[in-house]
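S.K.: In case you want the letters, here they are:
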Amino acid sequence: MKVHIDPGRCQGHGRCYDLADDLFGADDEGYGQVLGDGTVPAGKEHDARLAVLNCPEHAIELLEEG
Amino acid sequence: MAADDRFTEDFREAREEELLGTISEVVTGPVSDWSTDFSHLEPEWSADPYKIQDDLRQRCPVAHTDRFGGAWLPTRYEDIAAIAYDTERFSSRAIILSNFRPPRELAPIGGSPPISSDPPFHHDARKLLLPAFTKAAVNRQEPATRAFCHSLIDALEGQDVVDAASDYAQHIPVRVIADMLGFPPQDGPQFRVFVEDLLEGINLPPDERIERVSRLFDYLLVQVHDHIDSPRDDLTTYLLNVELYGQKLGPDHVVGTMALLLIAGIDTTWSAIGASLWHLAKTPADRERLIAEPALLPTAMEEFLRAYAPVTMARLVREDMHWHGVDMKADDWILLSFPAANRDPAQFDRAAEVVIDRQVNRHAAFGLGIHRCVGSHLARMELRVALEVWLQRIGDFTLADPSAVTWSKGQIRGPRTLPLRIR
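Chains as they are written, first to last, in the numbering used here: chain A, 189 to 254; chain B, 5 to 427.
Okay, chain A solo, but in the shape it has when bound (with noise of 0.2 angstroms):
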């Protein structure tokens, strides 16, 4: 599982990086950014749902890989 923001959509809320912060993060100018390449490590995966269902623009994007 990864997560994915979509720029054009972020306005820089900052739901994700309150809710998982192990997730997400905040570039200088408080848009969000994935840490890392966006995998979801194992336990992590109701805080990146939570992101996701809280991102008041919906750009955050959850990858299910097989």
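There is no bait here: all hints are sound.
The list that follows gives simulated cross-link-like pairs (lysine-lysine, BS3-like), each with its CA atoms no further than 27 angstroms apart: (1) B:Lys131 x B:Lys252; (2) B:Lys139 x A:Lys190; (3) A:Lys232 x B:Lys139; (4) A:Lys190 x A:Lys232; (5) B:Lys55 x B:Lys286.
Hints listed in this document are in silico derivations from the structure and should not be mistaken for laboratory results.
With chain A held as given, fit chain B onto it using these hints.
M.R.: Only chain B this time, still in chain A's reference frame:
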């Protein structure tokens, strides 16, 4: 050091000329029908806007009024989001709905960039502010904010009933923004007057309104000159020195942004803190749960922001158009109610209830799209610290007299009198 000659008398005169726009007739008095004659400045709205908005959402989702020279009020999340995202057809050159429309030439910069700006200028003006308002940057203000909240509680010592709006909530954002802008902390009481003049004096006669607004600009100019004479590490000096497109900002831009930061940071956060305390005072189960489970506060706070979103914005329609079933005219106002969006049952389960452990909460309290509140991280820090300190220090509190609670009027909603019994 070279003299900064941007802020002369000529600049004041030029600014006053810019204020020439369109003035419409002031209409006040009881609303006949909320779908055709709404006014967010009448007491019925202040008392309970949600009842009105919920009713409109059912029977007339894009309401109209002839007041203010013509305005629309959408109440569905979907429509409010569509307008927030559509900066092509809806301009931000005025964001406080009033009887005065600034001239079209004021776009795309507007009087208080970047909130009053349209693309493409908006992006560049906003970029200048973003680094000062990231979560990491505002968290540096947290220790001072916490200490200040404790000092406010210390000052309540010995009283059984306190006004949580005027003795507590109000002072917190005033102090924080004064520190950030580098204004004297003892000027705080004046800021409240500026805020009321700008946000609540909507239906005053135009001359009086202009007079009141110019008091704010007189004050800001004093601060500008003080910072030109003695620069320091704060947002005012930053705005005086920062460059855009290879040159320093125009005087209107500097002073307009200072006005924005001062006004937008105060009433809004004051309202959010007050509304949260009001809810907790009248809902013992939620209060006791938050004291028992402090880790739930960040989640609960988002729910308070959803249910009691303090901020409604405005837009101006650019051109005549048929939009979502209504005929909008150029220069019609839009009252962009994020509180109404946040209570749309099509978007939120149990929309009318306050559910403090709501896990999925895509609320729009800080707006949607390119105008997302620049101060949202600051507001969240202040709200969290204010509630943490209050719950730690006061814990048990109730409404001393529910009928004595008063609410602001206009686009920012929050309690202005909030008597709480604290022991």
